[in-house]
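In order, the protein sequences belong to chains F and C. Going by our numbering, the first sequence opens with residue 1, and the numbers climb by one from there. Going by our numbering, the second sequence opens with residue 1, and the numbers climb by one from there.
No wet-lab data here; the hints were simulated from the structure. Quick caveat, the model's predicted, so the values are computed rather than measured. Misleading hints may appear alongside valid ones.
Claimed, not checked - Covered by chain F, according to a simulated footprint, are these stretches of chain C (three or more residues, beta-carbon under 8 Å):
#1 18–25
#2 172–186
#3 238–246
#4 372–383
For each residue, glycine too, the CB sits at the ideal point set by N, CA and C.
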Amino acid sequence: MPQLPATEGRIFMSKIKTTFENKKAFIAFITCGDPDLDTTAAAVRAAVKNGADLIELGIPFSDPTAEGPVIQGANIRALRGGVTTDKIFGLVRELRRDIQIPMVFMTYVNVVFSYGTERFASACQEAGIDGLILPDLPFEEKEEFQPIFRKYGVDLISLIAPTSENRIAMIAKEAEGFLYIVSSLGVTGTRNEIKTDLSSIIKTVRQNTTIPCAVGFGISTPEQANKMAEISDGAIVGSAIVKLLEKHGKNAPEYIGKYVRTMKDAMM
Amino acid sequence: MNQKGHFGVHGGQYIPETLMNVVIELEDAYNHYKNDPEFNRELAELFNEYAGRPSRLYFAKKMTNDLGGAKIYLKREDLNHTGAHKINNVLGQALLAKKMGKTRLIAETGAGQHGVATATAATLMGMECVVFMGEEDTKRQALNVYRMRLLGAQVIPVTSGTATLKDAVSEAMREWTSRIADTHYCLGSVMGPHPFPTIVRDFQSVISKEIKEQIIAKEGRLPDAIIACVGGGSNAMGSFYHFIEDKNVRLIGCEAAGRGIDTFETAATISTGRLGIFHGMKSYFCQDEYGQIAPVYSISAGLDYPGIGPEHAYLHDTGRAEYVPITDDEAVCAFEYLAKMEGIIPAIESAHAVAHALKLAPSMAKDNIIVITISGRGDKDCAAIARYRGEDIYE
Chain F
1 MPQLPATEGR IFMSKIKTTF ENKKAFIAFI TCGDPDLDTT AAAVRAAVKN
51 GADLIELGIP FSDPTAEGPV IQGANIRALR GGVTTDKIFG LVRELRRDIQ
101 IPMVFMTYVN VVFSYGTERF ASACQEAGID GLILPDLPFE EKEEFQPIFR
151 KYGVDLISLI APTSENRIAM IAKEAEGFLY IVSSLGVTGT RNEIKTDLSS
201 IIKTVRQNTT IPCAVGFGIS TPEQANKMAE ISDGAIVGSA IVKLLEKHGK
251 NAPEYIGKYV RTMKDAMM
Chain C
1 MNQKGHFGVH GGQYIPETLM NVVIELEDAY NHYKNDPEFN RELAELFNEY
51 AGRPSRLYFA KKMTNDLGGA KIYLKREDLN HTGAHKINNV LGQALLAKKM
101 GKTRLIAETG AGQHGVATAT AATLMGMECV VFMGEEDTKR QALNVYRMRL
151 LGAQVIPVTS GTATLKDAVS EAMREWTSRI ADTHYCLGSV MGPHPFPTIV
201 RDFQSVISKE IKEQIIAKEG RLPDAIIACV GGGSNAMGSF YHFIEDKNVR
251 LIGCEAAGRG IDTFETAATI STGRLGIFHG MKSYFCQDEY GQIAPVYSIS
301 AGLDYPGIGP EHAYLHDTGR AEYVPITDDE AVCAFEYLAK MEGIIPAIES
351 AHAVAHALKL APSMAKDNII VITISGRGDK DCAAIARYRG EDIYE
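Next up, chain F with everything else stripped away, as it sits in the complex (with noise of 0.2 Å):
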């Protein structure tokens, strides 16, 4: 794949905040080189033309405790398919010559702390990356990291639990970028239904900062993207794309374009 430089060829990075603004955001996880890196460009290409509005890439790791079957076989698919954290950056870099919606990284802590956290931050800055998921680095734990991150002007985006509680309030004063709201307990992957009280836990939210909240974990259908546009800011997706690419490899952008639309017009 051809890399130049970040700053050659892009347009314009926006940020995350300003990507709510007067709309519900539809958010896309894609995992990166599932099965290869051509496909998940043109799978980013096709789900940002049919209306995602921010793009969640998740750098693979060989062990992600907080994923379901779907989004763990996507990680075996893309480490067996030879993917690392420096091709993915080349990845970005590719991206950001046409891709101006903002995209963040979902990954787990040691494959930033292992890479060295200020390279990477920095190395996110450079390919034009806004925002950091880490689903196993809480609170407790963010200042280790969010302070290199902020230095590169990369939003850690924290994550509210649906056992978060008392937490909520402590957790959104200090958010940036957007609040990830998981819906439900358990891992990753698609829900018949979602039990949990959300309205209460984005009241909760709504209370103690102006940061958008987008719910994930479950949501697969039109109706539930429907119903997330209208309690929250929006919806973030992933196992039910990340199923297209299990099923059509390849093919799976063209799968994903019509997907994604589906789901941001029932978000309208």
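Start from chain F and add chain C according to the hints.
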């Protein structure tokens, strides 16, 4: 250690937000009950009446004479009910979970000893039990799978990743995030997020407390070295703990080198790993340059783990404890040696500690004393060792 459970740079709580309140609740409950006289009375009764504590500190006279150096004592954790040190931690955690109102225990297991101990405690206390075990390990340790099921536990073979201990831990963590209210994750080693490394160490520290009393009664002095095997490191931490301040006592942890630390088929974390963050803790891990956790290997399912408990990592950093690699071959030879010399068949995990004593004892003076912790009994390993030696027997 600071409030967030760090040992030097190691430890911490690197877990999903979903689990934060439950580990905080666990820490609060533990801090309350650890000083509660009634809790401690009940736990002491379980240790003594049910598990058969205190375990013997046995003078291995034939072995001592054969090696011709230091006097060798064996701390017989293999004589505990269920056949290993794992029961110490499990009885503590199960009692704590019960006091917290939990009705269901989940656990990971490698060799199966921790799974068997958890299934046992769950049955005893009338709790439900689910054990996650790597599919590879369910084959290596088929007898323990049967024991767990006999005890009423559900055993779930884990097929993800390398289908061994690390994957069983990952799967138990995933299960815990999906069912928290009634469930306690009975973690089996001095690893994972705070407060587990501290809780497990405290419940296992009965081993060093007893060693100290027993050796003073028998020899009138402290030992010169304590040797224990290390995977996550719970029997070693328990064996070391009350000697940490006794600077003249060498503390030696034996890691599983598998086919050798110069090969990729090893699980020797201190020898081959580097600092990382995984399974809730910062510590040393076997990993590649991008932080992907390495597939590790050892003949011993119980030591086949790519990390080490954070307090061990700290004892390594400060030089207070030494960590040495022991290969499969050395462990198998020690397994056979102890069986033939003393009539004691150690777990293949514990045989790693015996193997180091075979190297060390002859170089020490006759008035020196070594204590080896025999963390478990080796019945479970007989078929696998026979196969290693080319005898085609199956359970």
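Task: Coverage of the segment 18–25 of chain C by chain F (three or more Cβ within 8 Å) - done: holds (count 5)
Task: Within 8 Å of chain F (C-beta), three or more residues of the segment 172–186 of chain C - done: holds (count 6)
Task: Outcome, coverage hint (the segment 372–383 of chain C, chain F; C-beta under 8 Å; three residues) - done: Answer violated; 0 residues pass the 8 Å Cβ test.
TODO: State whether the coverage of the segment 238–246 of chain C by chain F holds or is violated, taking the criterion as 3 or more residues with Cβ-Cβ distances under 8 Å.
DONE: Three-residue rule not met by the segment 238–246 of chain C, so violated; n is 0.
Checked against the numbered hints given earlier, this structure breaks hints 3 and 4; the rest are met.
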